[in-house]
Amino acid sequence: MDVSPIIQLKDVNKTYLLGEQPLHVLKDLSLSISQGEYVSIMGPSGSGKSTLLNMIGLLDRPDSGELMLANSATRELPEEQRAVLRRDNIGFIFQNFQLIPRLTAEENAALPMMLAGIPIADRKAKIAHLFSQLGIAERLHHLPKQLSGGQLQRVAIARAMAMEPKILLADEPTGNLDQHSGGDVVDVLETLNKSGITLLVVTHDIALGRRAKRQLMMVDGVITKDSVSEG
Amino acid sequence: MIRWNDRWRFSMQVLSLNPIRTAILVITVAIGVSSVLILTSIGEGARNYINQEFSNIGSDLLIVLPGKKETGGGSLPMYSTTPRELTWQDANAIKQLSSVKEVAPINAGTALVNYQGLGREVIVIGSTSDFLQVRKLSIAKGRGFKQDERQRARHECVLGAKLKRSLFGSQSAVGKWVNIADRRYRVVGVLAERGESLGLDMRDMAIIPISSAESLFNTTALFRVIVSLNQFSHETTVKQQIIELIKARHEGEEDITIVSQNAMMDAFNNITQLVTAAIGVIAGISLLVAGFLMMNVSYVSVVKRRAEIGLLKAVGASKKEVQWLFLQESSILTLLGALVGVALGYSLVWLANTLIPYFSLAVPFWATLVSVLSAIVISIAFTWFPASNAAGVDPVIAMRGN
Ligand SMILES: Nc1ncnc2c1ncn2[C@@H]1O[C@H](COP(=O)(O)OP(=O)(O)O)[C@@H](O)[C@H]1O
Ligand SMILES: [Mg+2]
Numbered sequence: 001m002d003v004s005p006i007i008q009l010k011d012v013n014k015t016y017l018l019g020e021q022p023l024h025v026l027k028d029l030s031l032s033i034s035q036g037e038y039v040s041i042m043g044p045s046g047s048g049k050s051t052l053l054n055m056i057g058l059l060d061r062p063d064s065g066e067l068m069l070a071n072s073a074t075r076e077l078p079e080e081q082r083a084v085l086r087r088d089n090i091g092f093i094f095q096n097f098q099l100i101p102r103l104t105a106e107e108n109a110a111l112p113m114m115l116a117g118i119p120i121a122d123r124k125a126k127i128a129h130l131f132s133q134l135g136i137a138e139r140l141h142h143l144p145k146q147l148s149g150g151q152l153q154r155v156a157i158a159r160a161m162a163m164e165p166k167i168l169l170a171d172e173p174t175g176n177l178d179q180h181s182g183g184d185v186v187d188v189l190e191t192l193n194k195s196g197i198t199l200l201v202v203t204h205d206i207a208l209g210r211r212a213k214r215q216l217m218m219v220d221g222v223i224t225k226d227s228v229s230e231g
Numbered sequence: 001m002i003r004w005n006d007r008w009r010f011s012m013q014v015l016s017l018n019p020i021r022t023a024i025l026v027i028t029v030a031i032g033v034s035s036v037l038i039l040t041s042i043g044e045g046a047r048n049y050i051n052q053e054f055s056n057i058g059s060d061l062l063i064v065l066p067g068k069k070e071t072g073g074g075s076l077p078m079y080s081t082t083p084r085e086l087t088w089q090d091a092n093a094i095k096q097l098s099s100v101k102e103v104a105p106i107n108a109g110t111a112l113v114n115y116q117g118l119g120r121e122v123i124v125i126g127s128t129s130d131f132l133q134v135r136k137l138s139i140a141k142g143r144g145f146k147q148d149e150r151q152r153a154r155h156e157c158v159l160g161a162k163l164k165r166s167l168f169g170s171q172s173a174v175g176k177w178v179n180i181a182d183r184r185y186r187v188v189g190v191l192a193e194r195g196e197s198l199g200l201d202m203r204d205m206a207i208i209p210i211s212s213a214e215s216l217f218n219t220t221a222l223f224r225v226i227v228s229l230n231q232f233s234h235e236t237t238v239k240q241q242i243i244e245l246i247k248a249r250h251e252g253e254e255d256i257t258i259v260s261q262n263a264m265m266d267a268f269n270n271i272t273q274l275v276t277a278a279i280g281v282i283a284g285i286s287l288l289v290a291g292f293l294m295m296n297v298s299y300v301s302v303v304k305r306r307a308e309i310g311l312l313k314a315v316g317a318s319k320k321e322v323q324w325l326f327l328q329e330s331s332i333l334t335l336l337g338a339l340v341g342v343a344l345g346y347s348l349v350w351l352a353n354t355l356i357p358y359f360s361l362a363v364p365f366w367a368t369l370v371s372v373l374s375a376i377v378i379s380i381a382f383t384w385f386p387a388s389n390a391a392g393v394d395p396v397i398a399m400r401g402n
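Protein sequence lines, in the order shown, are assigned to chains S and L. To convert, note that position 153 of the first sequence is 153 in the numbering used here; the numbers rise steadily by one, no gaps. To convert, note that position 227 of the second sequence is 227 in the numbering used here; the numbers rise steadily by one, no gaps.
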């Protein structure tokens with residue numbers, strides 16, 4: 001077993017300015033996550049869950065402290081390098097899917113590969129494979145507006161998986177889905193985790209959060225509980 | 001890095017999403033480019049026309065004028081101190097130079113040409129048999145002047161085609177007698193129909209022998225002498241030879257000016273090219289308008305596509321890449337517009353040339369190149385700021401705002 005953590009936060013602080021008022025969103029936050037872990041993050045709205053996830057996904061930068069990904073410091077890296085790290089190692093899944101309406105499901109899913117300059121034939125093969133794994137093989141050429149919520153989130157998962165990242169970050173992935181398709185989406189995420197990917201899920205849904213092996217509770221920018229379930 | 005074919009596809013998907021907006025931008029650029037092409041083609045057409053005129057009368061000509069021009073250069077002198085006369089004896093001496101082929105002394109004035117009560121006031125040129133050669137004129141009926149000494153004083157004339165028509169109609173003129181002022185001349189030839197030559201309508205003139213003109217106009221002073229060079233003679237050398245020769249004949253005084261056809265042609269070319277370029281720049285202002293429009297549209301598009309930009313960043317697009325995606329979009333628009341503009345410009349010029357055959361427009365190549373390049377430069381310059389605006393979008397905020 002690899003002992004060195006794939007994600008490591010050391011005394012991370014983040015403050016936003018809301019007008020004149022500084023808002024301390026992450027407070028001296030330290031956290032260590034190993035390769036292959038399944039972690040849920042719960043907590044009241046506004047407690048900083050999304051901010052933490054964006055930080056880990058290199059969409060945001062700590063004001064102080066350090067974020068190590070696979071033992072490399074990231075805070076001082078130039079924007080170009082952070083973009084490449086993000087593209088190659090991180091998969092994002094959002095509550096509202098974030099698909100581009102004019103692109104087909106296939107093109108949406110292949111977007112990170114296109115940005116990486118991967119030839120179209122390789123992209124098509126990869127996305128076709130992912131879509132059939134996700135049970136949406138028939139939906140390659142549909143536009144987002146022609147798909148159901150559950151299907152949209154699967155397209156987004158395919159996009160997150162396209163570059164075969166080490167880390168999958170899901171921010172309220174079931175927030176816009178009904179109970180049934182939400183459950184299906186979580187099943188898919190758990191299957192991916194079983195095949196080795198590190199999975200972080202932010203959720204309001206306590207039942208969903210309890211499915212994770214490791215459960216974090218966040219209140220006011222601080223992790224108040226870090227527990228491992230008996231499974 | 002995104003592949004080039006993917007870049008193209010990505011932009012075309014955006015552009016085809018809003019066909020009316022795209023069409024408007026393409027048309028604006030096209031109008032800018034085509035107006036540069038059309039306006040410069042008029043200038044270039046004028047230049048070609050003048051060059052054509054020059055080459056009609058030959059470019060290996062020197063024109064010797066009485067009077068010393070104060071400053072050197074290629075254009076005709078604006079003023080001259082009253083000089084010693086330039087006479088046909090001077091012209092004769094020039095003809096003895098081995099570097100010289102033909103010499104046409106010109107003594108000119110206006111006179112009434114009259115045939116059986118029908119009269120016309122026209123320019124009457126007194127010259128020698130060389131005149132037709134140096135001006136590249138040809139005879140349609142009859143003959144020109146003969147090349148002998150006594151010829152110079154003969155009462156013979158050659159009529160321009162138009163003048164002949166107005167006096168004789170369709171009757172033959174050769175052999176008939178006309179009155180020029182108060183003297184009688186026998187028509188020996190009629191010029192072939194040819195258009196204007198540098199503002200002189202050769203069709204509406206009469207040519208008489210030089211000595212006859214001297215007494216008709218009561219002066220031996222020549223208006224000018226046209227000299228054509230031998231094939232291997234060098235223009236500047238011959239110029240110098242003529243100056244030395246006349247100086248010697250005029251008691252050491254340098255009192256003539258020599259203008260070369262080439263120098264005049266160059267001067268005209270410079271002027272017309274400058275004017276054409278200026279017209280092109282003015283037409284280019286419409287490209288600036290296209291640039292402003294594109295900037296405006298780009299700003300709106302960045303605001304509308306904030307969520308998309310946020311997502312692109314989340315899946316690994318760098319700031320530079322986002323900026324580039326927006327710049328490439330306007331560049332493709334501009335390229336399409338330029339293409340349409342070039343096609344439009346050339347078609348309209350072609351159409352004009354078909355409808356108006358006697359003045360042909362020609363799009364100068366540099367105008368095509370410069371208008372397309374400046375359209376691209378302008379579009380990049382004007383969409384640079386909206387594109388960096390896009391690059392600066394915070395993905396977290398952009399995606400939350402959805
Ligand atoms: N870019 C930002 N600028 C200003 N305030 C922000 C920004 N991002 C988050 N916040 C604020 O920080 C707090 C935490 O937000 P977030 O991490 O989204 O909470 P959660 O996901 O736990 O609901 C909220 O009060 C939010 O308004
Ligand atoms: Mg949140």
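Take these hints with a grain of salt, some might be off.
Claimed, not checked - Here are some of the chain S residues that sit facing chain L, going by a computed Cβ distance under 7 Å:
id, residue
1, D60
2, R61
3, N89
4, L111
5, P112
6, F131
As the list claims (entries may be wrong) - Computed Cβ-Cβ distance ranges for the label pairs, DEER-style:
id, chain 1, residue 1, chain 2, residue 2, range
7, S, N176, L, D394, 51 to 59 Å
8, S, E76, L, S388, 19 to 27 Å
9, S, D226, L, L335, 53 to 61 Å
10, S, K225, L, D394, 44 to 52 Å
11, S, E76, L, L335, 19 to 27 Å
Since the hints were made in silico from the structure, they are not lab data. Glycine included, each C-beta is placed from N, C-alpha and C at the ideal position.
(request) Run the structure past the numbered hints and jot down the numbers of the failing ones, going up. (result) Going through the list in order, the structure violates hints 2, 3, 6, 7, 10 and 11 and respects the others.
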